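Quick note, in this note's numbering, the sequence shown goes up one by one and the last residue is 354.
It is worth saying that the hints were derived from the structure and are not from the lab. Check before you lean on any hint, since a few could be wrong.
As the list claims (entries may be wrong) - Straight-line alpha carbon distances no greater than 16 angstroms define the calculated EDC-like cross-link-like pairs of lysine to aspartate or glutamate that follow: (1) LYS305 with GLU280; (2) LYS155 with GLU37; (3) LYS69 with ASP120; (4) LYS69 with GLU21; (5) LYS305 with GLU21; (6) LYS7 with ASP312; (7) LYS69 with GLU56; (8) LYS237 with GLU254; (9) LYS69 with ASP57; (10) LYS64 with GLU94; (11) LYS5 with ASP312; (12) LYS7 with GLU255; (13) LYS64 with GLU116; (14) LYS64 with ASP132; (15) LYS237 with ASP132; (16) LYS64 with ASP117; (17) LYS237 with ASP137; (18) LYS305 with GLU56.
Source: prediction; values computed, not measured.
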Amino acid sequence: MLQEKLKERALPPLPVVSSEEEWEDVRQNLLRQFCREEYGVPLPEAQSVTVQVITEDTNCLAGKAHFYKLCLTTRVQGQEFSFPVEAVVPYRPEPVPAFVCISFFEHVPNFSLPAEDVVDAGFAAFSFHYTDITTDDGDFSTGIAGLLGKGDRNKEAPGKLMMWAWAAQRVMDALQNFPGIDPSQVAVVGHSRLGKAALLAGALDTRFTLVIANESGCSGAALSRGKIGEDIRAITKTFPFWFCPVYGTYAGREEELLFDQHALLALCAPRYAYVCSAQEDLWADPTSEFLSCVAASPIWESLGKPGFCTPDRLPEVGDAFGDGSIGYHLRAGAHGLLREDWLHFLAFFRHHLT
1 MLQEKLKERA
11 LPPLPVVSSE
21 EEWEDVRQNL
31 LRQFCREEYG
41 VPLPEAQSVT
51 VQVITEDTNC
61 LAGKAHFYKL
71 CLTTRVQGQE
81 FSFPVEAVVP
91 YRPEPVPAFV
101 CISFFEHVPN
111 FSLPAEDVVD
121 AGFAAFSFHY
131 TDITTDDGDF
141 STGIAGLLGK
151 GDRNKEAPGK
161 LMMWAWAAQR
171 VMDALQNFPG
181 IDPSQVAVVG
191 HSRLGKAALL
201 AGALDTRFTL
211 VIANESGCSG
221 AALSRGKIGE
231 DIRAITKTFP
241 FWFCPVYGTY
251 AGREEELLFD
261 QHALLALCAP
271 RYAYVCSAQE
281 DLWADPTSEF
291 LSCVAASPIW
301 ESLGKPGFCT
311 PDRLPEVGDA
321 FGDGSIGYHL
331 RAGAHGLLRE
341 DWLHFLAFFR
351 HHLT
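Based on the sequences and whatever the hints tell you, model everything.
Dropping the structure here:
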């Protein structure tokens, strides 16, 4: 049934590979296509990242965790850019895995980050507010956009999604030597537009063990071909600044793209990826998010990894599939990032920890 559904979408085929070395070459070519045609060229990596502790609480969550308010200062092309990060790190005898959260909220905990559940499961969380990186509008003079994005925006100029993804990578830089953190076990997570940014960060930076896109929809995890709800025309009309300028030329011409979004999901292979959908989130289109997981699965399988392990049917509300390298769940309700979603993320990450 699912393969018939995919045939109806007429997706560009994923390349056939037989080794991780071959895949890495192919992966880089695919990534360059996404950068040229959708998200824009990547920002330069930081020459250095320094971490300053602004405030801390060693008795956070009744003594379960250490709370930090940090200032990350990056040096890029001879210039400095700083942004705040808040974190909770559980007290454990061994270094713990962590989540890097691209967030709509300034502080930890918040409505979309149940810090106590994360800590109780043995994970740390590092969260930054996305507009501390650059504003969510067409102004490219603020934040990192103003520092690195000066001048005319050519057709491949990076959009705001690329800039938020860049910041997640800089947090990952900081975690390489952060007390109590296992840098080999770090996930990146985002919701909605920030789910798109999380997917992009995971595609760009293979240091992320797990990439989580929560209800990322159009130009995120959802397939573009055959999608209902938001499409390229709608998203580039309202949010053209999220993308490189050339992406808007594909409005109503999705079938002319050389790729579809399942290829972005596949760029996470052979690492782990997780997609979440909500039943009432028709603008994001749960079916297209789910089918993207199905379509991406062969890359993992060609690398000798379990791909997307699911019955041969569309998902029902309450379904959660986590045995393979791609995880997925469909919950009741509308667009949002809930504690219920986090419990699925935690279970999946714990199940696949190495």
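Checked hints:
1. LYS305 with GLU280: Distance of about 32 angstroms is beyond 16 angstroms: violated.
2. LYS155 with GLU37: holds (8 angstroms)
3. LYS69 with ASP120: Not OK: LYS69 and ASP120 at ~20 angstroms, beyond 16 angstroms, violated.
4. LYS69 with GLU21: violated (40 angstroms)
5. LYS305 with GLU21: holds (15 angstroms)
6. LYS7 with ASP312: holds (14 angstroms)
7. LYS69 with GLU56: Holds - the C-alpha atoms of GLU56 and LYS69 are around 6 angstroms apart, at most 16 angstroms.
8. LYS237 with GLU254: It holds: about 15 angstroms lies between the C-alpha atoms, which stays within 16 angstroms.
9. LYS69 with ASP57: holds (9 angstroms)
10. LYS64 with GLU94: holds (14 angstroms)
11. LYS5 with ASP312: OK: LYS5 and ASP312 at ~11 angstroms, within 16 angstroms.
12. LYS7 with GLU255: holds (13 angstroms)
13. LYS64 with GLU116: Holds - the C-alpha atoms of GLU116 and LYS64 are around 8 angstroms apart, at most 16 angstroms.
14. LYS64 with ASP132: The given pair, whose Cα atoms are some 28 angstroms apart, is violated under the 16 angstroms limit.
15. LYS237 with ASP132: violated (24 angstroms)
16. LYS64 with ASP117: The given pair, whose Cα atoms are some 11 angstroms apart, holds under the 16 angstroms limit.
17. LYS237 with ASP137: With a Cα-Cα distance of about 12 angstroms, the restraint between LYS237 and ASP137 holds, given a limit of 16 angstroms.
18. LYS305 with GLU56: Outside the cut-off at roughly 41 angstroms; violated.
Hints 1, 3, 4, 14, 15, 18 from the list above are not met by this structure, while the remaining hints are.
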